[in-house]
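Enquirer: Given the sequences, and given the hints that come with them, work out the whole structure.
Chains as they are written, first to last, in the working numbering: chain A, 1 to 320; chain B, 1 to 284.
Since the hints were derived computationally from the structure, they do not count as laboratory data. Don't be surprised by glycine CBs; every beta carbon is placed ideally from N, CA and C. Some hints here could point you the wrong way.
Claimed, not checked - DSS-like mimics (lysine-lysine), calculated; alpha carbons at most 30 Å apart, straight line:
id	chain 1	residue 1	chain 2	residue 2
1	B	K48	A	K51
2	A	K265	A	K225
3	A	K55	B	K59
4	A	K55	B	K48
5	A	K225	A	K52
6	B	K35	B	K10
7	B	K124	B	K87
8	A	K305	B	K48
9	B	K48	A	K52
10	A	K305	B	K59
11	A	K265	B	K59
12	B	K59	A	K52
13	B	K59	A	K79
14	B	K59	A	K51
15	B	K48	A	K265
As the list claims (entries may be wrong) - Computed from the model, here is a short list of chain A residues facing chain B with C-beta under 10 Å:
id	residue
16	R304
17	K305
18	G309
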Amino acid sequence: MTAEPIALDRQGVDDIVSSAASLRRFLHGLPGVDQVGAQERAARLATRSIKKSAKAEAIDLAISMVDLTTLEGADTPGKVRAMCAKAAHPDPSDPSVPRVAVVCVYSDLVAEAVRALRGTGVGVASVATAFPAGRAPLDAKLADTRRAVEDGATEIDMVIDRGAFLAGDHRKVFDEIVATKQACGDAHLKVILETGELVTYDNVRRASWLAMLAGADFIKTSTGKVAPAATLPVTLVMLEAVRDFRAQTGRQVGVKPAGGIRTTKDAIKYLVLVNETAGPDWLTPEWFRLGASSVLNDLLMQRRKLTTGVYGGPDYQTLD
Amino acid sequence: MSTERVNVRKTYKLFIGGAFPRSESGRSYVVTDAKGKFVANASRASRKDVRDAVVAARKAFGGWSSRTAYNRGQILYRVAEMLEGRKAQFVDELRSAGMGRAPAAAEVDAAIDRWVWYAGWTDKIGAVAGAANPVSGPYFNFSTPEPTGVVGVLAPASPLLGLVSVIAPVIATGNTCVTVTESPLPSITLAEVLATSDLPGGVVNLLTGQAAELAPWLASHMDVNALDLAGAPAELATSLEQAAAENLKRVLRPAADTDWTADPGTGRLTAFLETKTVWHPVGV
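Expert: What follows is the structure, encoded as structure tokens:
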């Protein structure tokens, strides 16, 4: 924990969210993001060279942080089962490879994934609330969420109503997150900001704070359905937000970049960013996740390169 | 004020995926002419350039191998046309390496003729290496040659004719290649020809550097399907064959004293082919 004093207690948070006007005043009172500075800082951290034993450790850490995701209209129960098998044993020929954090599927496939993962220690996350657009009545979004939790999802990835956020209706976004959090019960709530549609870093910072004030356990960059998806500068802004939020309220919130993370190099850049921005407290699967699917194959390929000393190829990995 | 024009010096870079990047390692070395005078700086590829080149070659394989053989022939012929247009440059480069005017011109002519010869083979090799097999049963039975995949090529010392003689047969049949050569001139000039002649990026990748350093990485790479040891250092050849066995690469180990001016025959075309046999019911 950082030693900074807690400036925002329960009462302070209640005051902020007590009315639409005070919420708006607080969010717009957040310091602006220096766009060039954020990009420059992210680009500079991305040049860090991580080699040998540090790389081996980073690869294993990254594997354990992967939210192995399949969110296609063409998802079948069979594909979900195959992915679950891979999540529990990413490299069947090497038992020392850690398992991934969770499997992330659409809500109707949660039951299938839960069945396939029983006893493996891998959780099931479900996207809900009319993913990816979020354009549905609140009742439908909550029904979606409750059903996923009933089926055994341990984590819910909700999308915020970007239309309302961009129109300045922060209160509506806030209330939806609160309602979804209630519907989640014990399941962790990840709030997807869809930063590709928020346009500015200032908006990303505001949306991050809004989600955290509303009770998010995790803030997540994107659905993966909109370009640009996760980028380093956006993740930097969100990591700063969770760091500041913990310093002011004492509550720690996780971060999950998702979409566009394809290579081991990408994954390691994110780990460096976490360590240098939020700090090592976030450098565990409990507080930082990588939403991706193809990156796992690359991580496994790099891992095998380190253990065998020869370059591998896609022929020796599962298709997904 | 001097009116003498300043030389436009050239830096020879690698050829990976249709682009000309510097080596990832940032290394370069000086190329000198036969008299030891400075000619150019060239990139010295590292193992990571090998890795990147294999990725590029793998990516290009699907598109290149699925083109019709006729179209591959057209593209290779186009390369020969472009070679013809750059003849003078090739002759100059060979001469700077110490060849006389007449032998250099003969070598360039032979290299272009060799390329045209292989261009003609693209749509004929199927008829020569494939067959309609007579079988005892109501089936049509065909064997057709298919490209092996990504071929690692260690280019021989013969700088132009040798290089052409190892690259052309590999790509004529639909393979893609990663070629390691120790002579940047005229190899990279050939790459410039390939880059400007309809050949899709990544079908040919050329790395300049030391074969002894790069060959083991190419030989052990699990995503390389075949290996041509034409220019392999003699003391390394056996260990390269052993490394290649790990994923059952096809290995071609020609005699060290191969005469590149001789009629090559179809041996290099068929060395990197797989035979696919299809049984098809007759009638019904």
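Enquirer: Compare the structure with each hint and give your call.
Expert: Status of each hint after checking the structure:
1. Taking the CA atoms of K48/B and K51/A, the gap is near 14 Å; set against the 30 Å cutoff, the hint holds.
2. The suggested pairing of K265/A with K225/A holds, with an alpha-carbon distance near 22 Å, which does not exceed 30 Å.
3. Our distance criterion of 30 Å between C-alpha atoms is met by K55/A and K59/B, whose separation comes to about 26 Å.
4. Between K55/A and K48/B the alpha-carbon distance is near 16 Å, which keeps this suggested pair within the 30 Å criterion.
5. Proximity of K225/A to K52/A is assessed by CA-CA distance (about 35 Å); at most 30 Å being required, the pair is judged violated.
6. In summary, the hint linking K35/B to K10/B is supported, as the alpha carbons are separated by about 19 Å, within the 30 Å threshold.
7. Between K124/B and K87/B, the direct Cα distance comes to roughly 28 Å. Compliance with the 30 Å bound is thereby established for this hinted pair.
8. Taking the CA atoms of K305/A and K48/B, the gap is about 12 Å. The hint holds against a cut of 30 Å.
9. Straight-line distance between C-alpha atoms of K48/B and K52/A comes to about 15 Å, which keeps the hinted pair within the 30 Å bound.
10. A C-alpha spacing of about 20 Å is found between K305/A and K59/B, which places the hinted pair at or below 30 Å, so the restraint holds.
11. With a C-alpha separation of about 19 Å, the suggested pair K265/A and K59/B falls inside the 30 Å cut-off, and the hint holds.
12. Distance hint between K59/B and K52/A is fulfilled; the C-alpha atoms sit about 28 Å from each other, no more than 30 Å.
13. Distance restraint check for K59/B and K79/A: the Cα-Cα separation of roughly 25 Å lies within the 30 Å cut-off, and the hinted pair is therefore satisfied.
14. Using a Cα cut-off of 30 Å, the hinted pair K59/B and K51/A holds, with the two alpha carbons roughly 27 Å apart.
15. For the proposed pair K48/B and K265/A, the alpha carbon gap of about 13 Å is at most 30 Å, so the pair holds.
16. Hint status for R304/A: holds, given a least beta-carbon distance of 9 Å to chain B, under 10 Å.
17. Annotation: K305/A was flagged as interfacial toward chain B, and the flag holds, the nearest CB pair being 9 Å apart, inside 10 Å.
18. Taken as an interface hint, G309/A checks out: its beta carbon lies about 8 Å from the nearest beta carbon of chain B, inside 10 Å.
Violated hint: 5 only; the structure is consistent with all others.
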